[in-house]
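Heads up: the protein sequence lines correspond to chains P and Z, in order.
FYI, the numbering for the first sequence is 1 to 240, going by full-length UniProt numbering.
FYI, the numbering for the second sequence is 1 to 240, going by full-length UniProt numbering.
Fair warning: there could be bad hints in the mix.
Derived DSSO-like pairs (lysine-lysine); straight-line CA-CA distance at most 27 Å [as the list claims (entries may be wrong)]: (1) Lys-158/P / Lys-70/Z; (2) Lys-83/Z / Lys-158/Z; (3) Lys-218/Z / Lys-82/P; (4) Lys-82/Z / Lys-237/P; (5) Lys-190/Z / Lys-82/P; (6) Lys-237/P / Lys-190/Z; (7) Lys-237/Z / Lys-218/P; (8) Lys-237/Z / Lys-70/P; (9) Lys-158/P / Lys-218/Z; (10) Lys-237/P / Lys-70/Z.
So these bits of chain P aren't anywhere near chain Z, every CB distance computed over 10 Å [stated by the list, open to error]: (11) Gln-22; (12) Arg-120; (13) Asn-195.
It is worth saying that the hints were derived from the structure and are not from the lab.
C-beta: ideal position from N, C-alpha, C; glycine also.
There are 2 protein chains.
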Amino acid sequence: MSTNTSGTLFLIPSALASGSEQAVTTPQVVEVLRRVRCFFVENERSARRFISALKIGVDIGALELYEWHKRSDFQSLDAPLKKLLSGTDFGIISEAGLPAVADPGAQIVAWAHRHGVAVRPLTGASSIFLTLMASGLNGQSFCFHGYLPIEKEARSRKIREIEQAARQGNAQIFMETPYRNNALLDAILKQVEENLQLCIGVNLTAADEWVFTQSVKKWKQSPPDLHKKPAIFILGKPPA
Amino acid sequence: MSTNTSGTLFLIPSALASGSEQAVTTPQVVEVLRRVRCFFVENERSARRFISALKIGVDIGALELYEWHKRSDFQSLDAPLKKLLSGTDFGIISEAGLPAVADPGAQIVAWAHRHGVAVRPLTGASSIFLTLMASGLNGQSFCFHGYLPIEKEARSRKIREIEQAARQGNAQIFMETPYRNNALLDAILKQVEENLQLCIGVNLTAADEWVFTQSVKKWKQSPPDLHKKPAIFILGKPPA
Chain P
1 MSTNTSGTLF LIPSALASGS EQAVTTPQVV EVLRRVRCFF VENERSARRF
51 ISALKIGVDI GALELYEWHK RSDFQSLDAP LKKLLSGTDF GIISEAGLPA
101 VADPGAQIVA WAHRHGVAVR PLTGASSIFL TLMASGLNGQ SFCFHGYLPI
151 EKEARSRKIR EIEQAARQGN AQIFMETPYR NNALLDAILK QVEENLQLCI
201 GVNLTAADEW VFTQSVKKWK QSPPDLHKKP AIFILGKPPA
Chain Z
1 MSTNTSGTLF LIPSALASGS EQAVTTPQVV EVLRRVRCFF VENERSARRF
51 ISALKIGVDI GALELYEWHK RSDFQSLDAP LKKLLSGTDF GIISEAGLPA
101 VADPGAQIVA WAHRHGVAVR PLTGASSIFL TLMASGLNGQ SFCFHGYLPI
151 EKEARSRKIR EIEQAARQGN AQIFMETPYR NNALLDAILK QVEENLQLCI
201 GVNLTAADEW VFTQSVKKWK QSPPDLHKKP AIFILGKPPA
């Protein structure tokens with residue numbers, strides 16, 4: 001599916017939590033990072049910090065990093081994309097977890113497919129999928145909604161839509177910017193039917209990570225403080 | 001969230017492709033496998049083969065494996081669940097990839113949450129998420145539908161439903177038993193609007209893996225042979 005002359009585009013998962021880099025990075029990712037010198041990155045500093053924390057002998061100063069985030073202009077990537085096309089391997093590294101899943105990167109991947117560049121996704125940490133595995137909810141059929149709307153009325157409508165879908169039995173996954181987590185949890189606990197199951201996954205891969213699932217009713221009795229803690233929410237029903 | 005006396009339930013990803021075990025397994029999983037002796041497994045033989053292929057010095061013969069798959073009776077797990085509750089750590093290993101995501105395990109996890117047992121999901125390979133990352137389609141909002149119906153009319157209806165959702169812009173992920181992949185691809189190519197994008201991910205993590213996205217129209221011109229190859233399908237639109 002790829003032309004013979006272009007480089008390969010590697011999708012490189014980064015770590016979710018500082019200190020977990022070595023524990024969650026596969027030998028395959030280490031091997032690619034030892035070899036690839038050019039990267040599209042969501043944030044230069046965190047990409048350098050991630051590679052550096054792996055302690056695999058990469059000369060960080062010699063890397064070519066091209067920032068790419070949701071506000072970037074795609075034309076700014078003109079030079080590196082030409083370089084990729086003419087044979088240089090590139091990686092994509094987003095700020096936390098899997099590039100192009102709830103993170104930037106998909107536009108570069110789509111460009112690669114249009115130009116016959118081989119795309120190779122590498123295994124790594126994702127708070128979304130770690131929480132889903134550990135939820136005990138329906139991993140046979142699920143939807144991810146990304147970040148919920150900020151505006152209160154729009155958020156409330158979206159929660160109603162998610163609740164309705166969760167009642168059908170499919171796991172409904174969503175998230176929020178960490179400093180708004182408590183407001184979102186509050187809205188869920190006020191609004192959602194008490195018998196539905198709510199899974200919350202917090203600080204995944206960090207030393208103090210936890211994932212726990214119980215009914216909305218039980219969460220109401222002692223809601224956790226999620227302020228500024230990265231969290232994933234899943235609404236659903238327990239498996240039959 | 002856990003009681004102090006119970007063991008921990010680890011969700012242990014296995015490899016997707018024979019020969020890839022060492023490349024895609026994180027140091028964290030290796031550390032847990034060196035320590036944990038009791039496992040719920042989808043299939044005894046493949047669990048042993050996976051651990052054995054890692055070459056990490058585990059005495060395979062000394063492991064306690066309890067088979068658990070979708071046709072199992074939950075009461076058959078009575079003895080090991082009691083053991084978990086009274087302090088022994090357990091792992092769950094499914095046949096390929098992440099336990100409890102398009103694989104058995106969720107009922108055991110749900111039981112753990114009901115009994116206050118700590119659940120720890122570990123990072124690893126998933127053909128679903130590797131294909132999604134590499135699709136260039138919408139990783140900000142997506143649905144996973146699992147295996148499509150076998151019966152032709154029901155499958156056709158489900159494909160129509162998926163197509164309609166894909167037109168809204170959300171990535172729609174689904175799969176099929178490998179020996180029916182060509183029939184599914186044929187149905188998609190006959191039925192789905194030509195301008196929608198179809199991503200196909202094949203043999204993920206194997207030496208001959210590939211992921212490629214193009215319009216249904218282009219796939220029609222030279223449909224790949226997917227017979228007996230593990231594949232993930234994603235219908236969607238390219239990012240704006």
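Against the structure, the hints come out as follows:
Taken as a hint, the Lys-158/P and Lys-70/Z pair is broken in the structure, with Cα atoms around 33 Å apart against an allowance of 27 Å. Under the criterion of a C-alpha separation no larger than 27 Å, the hint pairing Lys-83/Z with Lys-158/Z is inconsistent with the structure, at around 43 Å. A C-alpha spacing of about 24 Å is found between Lys-218/Z and Lys-82/P, which places the hinted pair at or below 27 Å, so the restraint holds. Annotation: proposed proximity of Lys-82/Z to Lys-237/P holds, straight-line Cα distance about 24 Å (limit 27 Å).
The straight-line distance between the Cα atoms of Lys-190/Z and Lys-82/P is roughly 36 Å, outside the 27 Å bound, and the hint therefore fails. A C-alpha spacing of about 35 Å is found between Lys-237/P and Lys-190/Z, which places the hinted pair above 27 Å, so the restraint is violated. For the suggested pair Lys-237/Z and Lys-218/P, the alpha carbons sit about 40 Å apart, so the restraint of at most 27 Å is broken. A distance of roughly 17 Å separates the Cα atoms of Lys-237/Z and Lys-70/P; the hinted pair therefore holds under the 27 Å criterion.
Under the criterion of a C-alpha separation no larger than 27 Å, the hint pairing Lys-158/P with Lys-218/Z is inconsistent with the structure, at around 36 Å. Between Lys-237/P and Lys-70/Z, the direct Cα distance comes to roughly 17 Å. Compliance with the 27 Å bound is thereby established for this hinted pair. Not every C-beta of chain Z lies more than 10 Å from that of Gln-22/P, the closest at about 6 Å, which undercuts listing it as non-interface. For Arg-120/P, the requirement that its beta carbon stay farther than 10 Å from each beta carbon of chain Z is not met, with the minimum near 7 Å.
Once the 10 Å rule is applied to beta carbons, Asn-195/P is consistent with being away from chain Z; the minimum gap is 14 Å.
Comparing the model with each earlier hint shows violations of hints 1, 2, 5, 6, 7, 9, 11, 12; every other hint is respected.
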